[in-house]
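2 protein chains.
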Amino acid sequence: MLLTTIKDVAKEAGVAVATVSRVLNNRGYLSDSTRKKVYEAMERLNYKPNEISRSLFRKKSNILGVIVPSVSHPFFSELVGHIEYFAYQAGYKVLICNSYADNGKEREYLEMISSNQVDGFIGAIYTSNSDDYIKPDMPLVTLDMNINGLPYITSDHYNGGEIATNFLIDRGCKKIAHICGDLEIDILANNRSKAFINVTKKQNINSVLEESKLSRFDEYKKTVIKMFEEHPEIDGVFASSDIIAASVIHVAGLNGKSIPEDIKIVGYDDIDMAAMTVPPITTIKQDIEKIGELAVKTLLNKIEGKEVTLENILPVELVERETT
Amino acid sequence: MLLTTIKDVAKEAGVAVATVSRVLNNRGYLSDSTRKKVYEAMERLNYKPNEISRSLFRKKSNILGVIVPSVSHPFFSELVGHIEYFAYQAGYKVLICNSYADNGKEREYLEMISSNQVDGFIGAIYTSNSDDYIKPDMPLVTLDMNINGLPYITSDHYNGGEIATNFLIDRGCKKIAHICGDLEIDILANNRSKAFINVTKKQNINSVLEESKLSRFDEYKKTVIKMFEEHPEIDGVFASSDIIAASVIHVAGLNGKSIPEDIKIVGYDDIDMAAMTVPPITTIKQDIEKIGELAVKTLLNKIEGKEVTLENILPVELVERETT
Numbered sequence: 000m001l002l003t004t005i006k007d008v009a010k011e012a013g014v015a016v017a018t019v020s021r022v023l024n025n026r027g028y029l030s031d032s033t034r035k036k037v038y039e040a041m042e043r044l045n046y047k048p049n050e051i052s053r054s055l056f057r058k059k060s061n062i063l064g065v066i067v068p069s070v071s072h073p074f075f076s077e078l079v080g081h082i083e084y085f086a087y088q089a090g091y092k093v094l095i096c097n098s099y100a101d102n103g104k105e106r107e108y109l110e111m112i113s114s115n116q117v118d119g120f121i122g123a124i125y126t127s128n129s130d131d132y133i134k135p136d137m138p139l140v141t142l143d144m145n146i147n148g149l150p151y152i153t154s155d156h157y158n159g160g161e162i163a164t165n166f167l168i169d170r171g172c173k174k175i176a177h178i179c180g181d182l183e184i185d186i187l188a189n190n191r192s193k194a195f196i197n198v199t200k201k202q203n204i205n206s207v208l209e210e211s212k213l214s215r216f217d218e219y220k221k222t223v224i225k226m227f228e229e230h231p232e233i234d235g236v237f238a239s240s241d242i243i244a245a246s247v248i249h250v251a252g253l254n255g256k257s258i259p260e261d262i263k264i265v266g267y268d269d270i271d272m273a274a275m276t277v278p279p280i281t282t283i284k285q286d287i288e289k290i291g292e293l294a295v296k297t298l299l300n301k302i303e304g305k306e307v308t309l310e311n312i313l314p315v316e317l318v319e320r321e322t323t
Numbered sequence: 000m001l002l003t004t005i006k007d008v009a010k011e012a013g014v015a016v017a018t019v020s021r022v023l024n025n026r027g028y029l030s031d032s033t034r035k036k037v038y039e040a041m042e043r044l045n046y047k048p049n050e051i052s053r054s055l056f057r058k059k060s061n062i063l064g065v066i067v068p069s070v071s072h073p074f075f076s077e078l079v080g081h082i083e084y085f086a087y088q089a090g091y092k093v094l095i096c097n098s099y100a101d102n103g104k105e106r107e108y109l110e111m112i113s114s115n116q117v118d119g120f121i122g123a124i125y126t127s128n129s130d131d132y133i134k135p136d137m138p139l140v141t142l143d144m145n146i147n148g149l150p151y152i153t154s155d156h157y158n159g160g161e162i163a164t165n166f167l168i169d170r171g172c173k174k175i176a177h178i179c180g181d182l183e184i185d186i187l188a189n190n191r192s193k194a195f196i197n198v199t200k201k202q203n204i205n206s207v208l209e210e211s212k213l214s215r216f217d218e219y220k221k222t223v224i225k226m227f228e229e230h231p232e233i234d235g236v237f238a239s240s241d242i243i244a245a246s247v248i249h250v251a252g253l254n255g256k257s258i259p260e261d262i263k264i265v266g267y268d269d270i271d272m273a274a275m276t277v278p279p280i281t282t283i284k285q286d287i288e289k290i291g292e293l294a295v296k297t298l299l300n301k302i303e304g305k306e307v308t309l310e311n312i313l314p315v316e317l318v319e320r321e322t323t
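Just so you know, the sequences run in chain order A and B.
For the first sequence, position 249 matches number 248 in numbering that gives the first Met the number 0, and the numbering has no gaps at all.
For the second sequence, position 81 matches number 80 in numbering that gives the first Met the number 0, and the numbering has no gaps at all.
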């Protein structure tokens with residue numbers, strides 16, 4: 000195969016060789032449309048400038064983007080807080096995107112990389128159909144999802160699910176419910192549910208599994224109310240987030256059940272709120288600060304072309320409070 | 000007085016007139032240091048390019064910055080969520096800064112305006128000594144604080160304080176405590192405390208005022224524990240945030256007091272969490288979505304040189320739940 004050259008790119012883009020050179024070196028006046036034409040031609044021809052010209056043509060913005068489903072969710076607001084902290088230590092600012100799991104919005108943000116407005120992204124991208132706009136060579140680190148061989152940061156969710164389920168069994172629970180989000184999304188966080196299924200099966204424990212596809216407190220409450228109507232004998236709940244655990248505390252109160260005497264609850268995440276409820280929630284702690292730190296470090300290494308670990312799995316731990 | 004011209008700027012900056020013209024029109028290749036020299040000369044001479052060249056020389060990034068003390072705080076995470084939503088509707092992206100009330104960090108972010116990396120800022124800037132880097136002609140909208148005559152968005156906190164205090168009095172409370180943040184900062188949110196002081200005085204109600212300078216849940220708890228030790232007869236609490244209210248619920252539980260029978264509590268903000276505690280918190284609702292919408296709208300109008308309302312005070316309302 001013949002190597003693609005700058006001349007081929009110029010021909011494909013319908014511009015002069017000097018113009019392609021100016022794009023590569025980011026020199027002189029260039030209209031956005033010319034720049035775009037050249038980038039598109041490079042992409043069509045799969046032209047890779049050598050590392051030196053690549054670093055020249057990549058104009059640094061010193062801005063990192065973060066894509067989360069919603070920054071208002073406490074887990075993500077704490078995570079974004081840590082990411083901003085570590086990015087700032089490294090001389091970077093942080094741009095934030097609430098994707099609301101909208102592919103179009105995710106794609107639009109990721110395009111800020113090509114226009115040099117953002118140097119790279121940390122993405123909690125939980126959508127399917129993202130393969131056509133997420134490429135393995137992008138300066139992108141994903142969270143809780145393995146997309147296209149990009150480096151990702153996750154917690155050891157399978158272990159988290161095992162610890163939570165075994166803890167409830169050890170505390171004498173006879174019928175244990177697990178309430179989680181949408182299990183159809185191929186997100187690593189769902190390993191906590193797989194562990195629940197495997198552990199209860201193996202130990203021959205009566206179990207109930209409830210998916211709540213809408214991640215809002217009032218929706219969780221509805222799910223929990225219905226669950227206890229159908230299975231009043233449930234005496235243990237492994238909730239896949241602390242907010243779900245808070246909704247179980249609510250419904251237990253409405254049903255006149257005592258915690259932990261009648262129902263024991265283990266949450267997940269250990270967001271600040273877990274310590275604020277009455278009773279405070281026993282939970283599986285994800286090290287949110289460490290996730291943020293490692294995500295920033297991995298992304299900066301990828302941007303600088305350094306070798307990065309693709310699979311980054313952080314340990315979780317049980318934090319015992321008063322719901323068990 | 001003679002009008003400053005582009006020639007004066009060139010002389011002051013020690014560059015050619017054509018260079019100043021290129022900076023004003025954002026054309027051709029310019030090093031950052033040249034650009035900086037020209038901007039600084041313009042500032043020293045107080046040179047104002049006319050509107051046309053001003054809009055040309057202001058290279059738009061379509062990025063708005065948001066400065067908050069900490070995005071992990073639920074009030075600010077919800078606010079940032081709304082700001083991102085409304086900014087995105089208007090074609091803007093959002094860059095986030097956790098200031099941790101650090102003047103240096105605030106200043107560094109605001110300087111992104113001069114380097115054209117950010118078109119303007121929405122700032123919850125609760126620091127003093129910000130006068131030397133916050134100028135009245137900046138594309139900046141502040142929250143809960145009137146700085147240098149810049150447009151600001153706030154809630155009617157005085158009214159919020161009146162409603163909360165009167166409500167506790169109407170419910171029969173005889174000794175009412177108010178727990179708040181640092182009252183020494185000249186923030187409009189402190190009007191809720193002023194209202195508490197005035198209403199209890201006027202109605203001759205026994206009152207206790209506690210400031211908690213560290214805004215962390217465990218610090219609030221310590222303050223509340225000490226307060227109830229010193230004043231066990233307190234039967235009503237107006238907490239200046241829902242998180243403080245949650246800490247009062249906690250301590251009441253530790254002291255074996257029932258809510259609302261022994262102690263009635265009114266919170267402030269109506270963050271999502273207010274509905275998640277047991278019992279859910281009666282609170283003064285700030286319209287966080289509207290604050291976000293109005294902040295974005297006001298900032299975009301200011302960026303576009305349109306007339307803006309300087310003082311924007313949004314109404315608050317009582318949301319009755321189960322702590323009263």
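If you are wondering where the hints come from, they were derived from the structure by calculation, not from laboratory data.
Quick caveat: nothing in here was measured; it's all calculated off a predicted structure.
Hints are supplied without guarantee of correctness; some may be wrong.
Put simply, identical chains are the same to the list, so a pair is met inside one copy or across any two.
Cut-off 30 Å, straight-line C-alpha distance, at most; resulting in silico cross-link-like pairs (BS3-like, lysine-lysine) [unchecked claim]: (1) Lys134 x Lys201; (2) Lys289 x Lys200; (3) Lys289 x Lys36; (4) Lys284 x Lys212; (5) Lys289 x Lys59; (6) Lys305 x Lys173; (7) Lys220 x Lys263; (8) Lys256 x Lys134; (9) Lys212 x Lys35.
A quick look at each hint next to the structure:
1. When the C-alpha separation of Lys134 and Lys201 is checked against a cutoff of 30 Å, the pair qualifies neither within a copy, at 40 Å, nor between copies, at 67 Å.
2. Within a single copy, Lys289 and Lys200 get their C-alpha atoms no closer than 33 Å, and across copies no closer than 49 Å, so neither meets the 30 Å cut-off.
3. In the homo-oligomer, the alpha carbons of Lys289 and Lys36 never lie at most 30 Å apart, since the shortest distance is 41 Å inside one protomer and 41 Å across protomers.
4. Both within a single protomer and between protomers do Lys284 and Lys212 lie at most 30 Å apart by alpha-carbon distance, with minima of 23 Å and 28 Å respectively.
5. In this assembly of identical chains, the alpha carbons of Lys289 and Lys59 lie at most 30 Å apart only when taken from the same copy (26 Å versus 35 Å across copies).
6. With identical chains, the CA atoms of Lys305 and Lys173 are never at most 30 Å apart, being 51 Å at best within one copy and 66 Å at best between copies.
7. Taking the shortest Cα distances, Lys220 and Lys263 sit within 30 Å of each other both inside one copy (17 Å) and across copies (25 Å).
8. When the C-alpha separation of Lys256 and Lys134 is checked against a cutoff of 30 Å, the pair qualifies neither within a copy, at 51 Å, nor between copies, at 58 Å.
9. When the C-alpha separation of Lys212 and Lys35 is checked against a cutoff of 30 Å, the pair qualifies neither within a copy, at 40 Å, nor between copies, at 52 Å.
Of the numbered hints listed earlier, those contradicted by the structure are 1, 2, 3, 6, 8, 9.
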